[in-house]
Amino acid sequence: MKPLILLFLLTFTISSHAVDSRQLSDPKQQESYETLTKELRCLVCQNQTIADSNAELASDLRRQVYEMLQQGKSEQEIIRFMTDRYGDFVLYKPPFAGKTSLLWIAPGLFLFMGLTTVFFVIRRKKASAQAQVDNLDISSEKQKKIRSLLEKGELS
Amino acid sequence: MLKYIIPLLLFIVLAVFLGLGLNLNPKDIPSPFINKPAPEFSAPKLNAPEQSLSPADLKGQVWLFNVWASWCVSCRAEHPVLNQFAKQYAVVIVGLNYKDEPDDAKNWLKTLGNPYTDSVMDQDGRIGIDYGVYGVPETFVIDKKGLIRYKHTGPVSADDVQKTFLPLITKLEAES
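Chains A and B are the protein sequences, given in the same order. Under the numbering used here, the residue at position 128 of the first sequence is numbered 260, and the numbers go up by one with no gaps. Under the numbering used here, the residue at position 157 of the second sequence is numbered 169, and the numbers go up by one with no gaps.
Since the hints were made in silico from the structure, they are not lab data. Computed from a predicted structure; not experimentally measured. The beta carbon of each residue, even a glycine, is placed where N, CA and C say it ideally should be. Mixed in with the good hints, there may be bad ones.
What the hints assert, rightly or not - Across the chosen pairs, the derived CB separations fall in these ranges:
(1) B/Gln63 to A/Leu234: 43 to 53 angstroms
(2) B/Trp83 to A/Arg195: 35 to 45 angstroms
(3) B/Asp116 to A/Pro227: 34 to 44 angstroms
Let the hints inform the model, and build the full structure from the sequences given.
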């Protein structure tokens with residue numbers, strides 16, 4: 133039964149293609165078409181690319197991209213055309229500029245902040261563990277043994 | 013003490029950002045057109061397809077460019093406001109009948125009233141793309157020199173007319 137269910141589920145995982153796929157004669161242009169439609173946002177549905185969206189506007193924008201490629205326009209020219217009209221919001225990959233710098237830097241910044249916190253927390257834990265060992269009222273031999281065990285634990 | 017203050021501060025900062033985020037309208041996308049010339053087009057008029065209209069014909073006057081369609085639900089909500097606006101203040105409103113059937117559009121104006129000085133047809137949505145239209149209705153305010161000075165996305169309410177459109181139009185009318 134299980135393999136059957138799995139098979140049933142897998143049949144629906146076929147990768148999605150643009151709702152209406154267009155063919156350009158030049159394979160390079162075809163590639164540009166695929167890339168561009170996956171990088172441009174459908175402004176009606178907002179969280180879909182124009183390649184994925186069924187909205188009328190997305191279909192119009194796909195047509196626009198297709199026609200501009202046929203006219204021999206470059207990817208940059210098409211992206212320029214779109215941002216001139218819809219602003220940077222139309223791009224899924226916004227350009228790095230003053231306004232968007234936070235967007236680009238924030239993930240790295242948060243990672244850095246997290247790592248720093250983890251570093252300090254671990255250091256403090258270690259220091260307090262050491263202090264505890266030092267304060268134990270036991271023979272120095274036993275203390276040594278505990279220290280070596282603690283260090284061993286760090287290595288593993 | 014610090015142990016409690018830091019998480020509290022972090023929480024407050026996060027809450028403020030999330031709160032601001034809740035109040036932002038994701039449909040409000042800054043228009044790159046402000047203070048740029050209104051894109052040129054020449055489109056057939058809805059009521060007289062043999063005649064065409066282009067923004068150049070309207071140079072020297074302040075006008076509104078309103079994108080509408082008979083299939084658009086919010087346009088229906090906006091329509092009485094535009095009717096009243098046009099009647100009361102004799103403002104030039106040009107309609108862009110966006111991706112619509114001419115017959116449906118004409119019927120719509122017949123039943124609901126026509127606030128437009130003229131409406132032009134954009135059946136395949138190309139003029140819409142040139143104006144960066146993504147959510148009908150949209151309204152542009154264009155000055156005497158043909159520059160877009162303001163863009164409103166979504167239905168215009170009576171409040172918007174009083175608070176935004178009228179003061180702006182008065183100001184633009186005063187410009188040479």
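Item to complete: Check the following: the C-beta atoms of aspartate 116 of chain B and proline 227 of chain A are separated by a distance inside 34 to 44 angstroms.
Response: holds (41 angstroms)
Fill in: C-beta pair glutamine 63 of chain B, leucine 234 of chain A: status relative to the range 43 to 53 angstroms that was hinted
Since glutamine 63 of chain B and leucine 234 of chain A have Cβ atoms about 50 angstroms apart, the given range 43 to 53 angstroms holds.
Worksheet item: Is the gap between the beta carbons of tryptophan 83 of chain B and arginine 195 of chain A within 35 to 45 angstroms?
Response: violated (19 angstroms)
Hint compliance for this structure: hint 2 alone is broken.
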